[in-house]
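Since chain A is already given, all that's left is putting chain B on it; use the hints.
Same order as they appear, the protein sequences are chains A and B. For the first sequence, our numbering assigns the number 1 to the initial residue and increments by one for each residue that follows. For the second sequence, our numbering assigns the number 1 to the initial residue and increments by one for each residue that follows.
Hint data in this document are derived by calculation from the structure and do not stem from the laboratory. For clarity, every value in this text was computed on a predicted model and none was experimentally measured. Treat the hints with caution; some may be incorrect.
List time: in silico SDA-like cross-link candidates among lysine to any residue, alpha-carbon distance up to 25 Å [stated by the list, open to error]:
1) A:K131 x B:I8
2) A:K131 x B:Q102
3) A:K131 x B:S77
4) A:K131 x B:I10
5) A:K131 x A:I5
6) A:K131 x B:F103
7) A:K131 x B:A104
8) A:K131 x A:T121
9) A:K131 x B:S98
10) A:K131 x A:W2
11) A:K131 x B:L15
12) A:K131 x A:M1
13) A:K131 x B:L106
14) A:K131 x B:T94
15) A:K131 x B:S7
16) A:K131 x A:S118
17) A:K131 x B:Q41
18) A:K131 x B:G112
So these bits of chain B aren't anywhere near chain A, every CB distance computed over 12 Å [as the list claims (entries may be wrong)]:
19) D3
20) E6
21) A30
22) S47
23) L48
24) A51
25) D54
26) G55
27) G66
28) L67
29) A68
30) M85
The beta-carbon is built from N, C-alpha and C at its ideal position, and this holds for glycine as well.
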Amino acid sequence: MWEAIDIAGSGAAVDQTWIDTIGGNVANMEDGVTPGQPVYQAQYVDAGAEAEADGTGDGVHVESIELGPGQGQDEYQPTNPRADASGEVAYPVVDLGEEMTDLIQSQTSYQANSAVLSHATSAYQSILSIKA
Amino acid sequence: MTDAAESIGILQFALDSVTDQQQAIANNIANENTPNFQADQVTFQSSLAQALSDGGVASAQTTPEGLASGSNGNNVSLPTEMTLMQENDLENQTVVNSIDGQFAVLSDAITG
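Here chain A stands alone, though its shape is the one from the complex:
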């Protein structure tokens, strides 16, 4: 029962994970390390449809979280204490433009799921109000 509410909840949960990874990616994009050291790898959420039990679909889940390149991009910053012998510092590969676009998309999706939630709630309430 209340499938539409569960489905909208599953959608909002995936969006929440998506927004969390965007937050992590943006927060860590300036984490410079000495080249050769492990650099922060950006996280990308892959969604997967829930297997359909009765033909009308059962929501969505996080299928996997893909990682960005483990190899940072070097920048010449000889005064940075993390610079190596040749003055290079490795930064995580994070595209801020892409992250911001994803943020808007995930926000829109979250809003759509919460709209479904309130529509479904009022529809169920109207059904519950049926009485002889």
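Chain B alone, transformed into the frame defined by chain A:
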């Protein structure tokens, strides 16, 4: 001529179908960003109209919406789903009001 019990049976089918339809719309919206997801729709109106005219049994069908897919193989259109959701809301209210009306008729008949 259909009696009240028969009408309530028909309306019950309509309410079940409208609820299935709502579930399909919710699922399409939840999967708006799922790679290769194809949107489904639930239709029952024509089957119900057919059944009412020839006395057969109505059923709800789940079929692909069949819109064009984007670059990630997903074809969910948020504006389409939002529109369908509004329509579904009104259908739900219509059916619920009709059921209430049928019960009111029965109730009147019983209490006189």
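| said: Please list, smallest to largest, the hint numbers that this structure does not respect. | reply: 3, 17, 21 and 30
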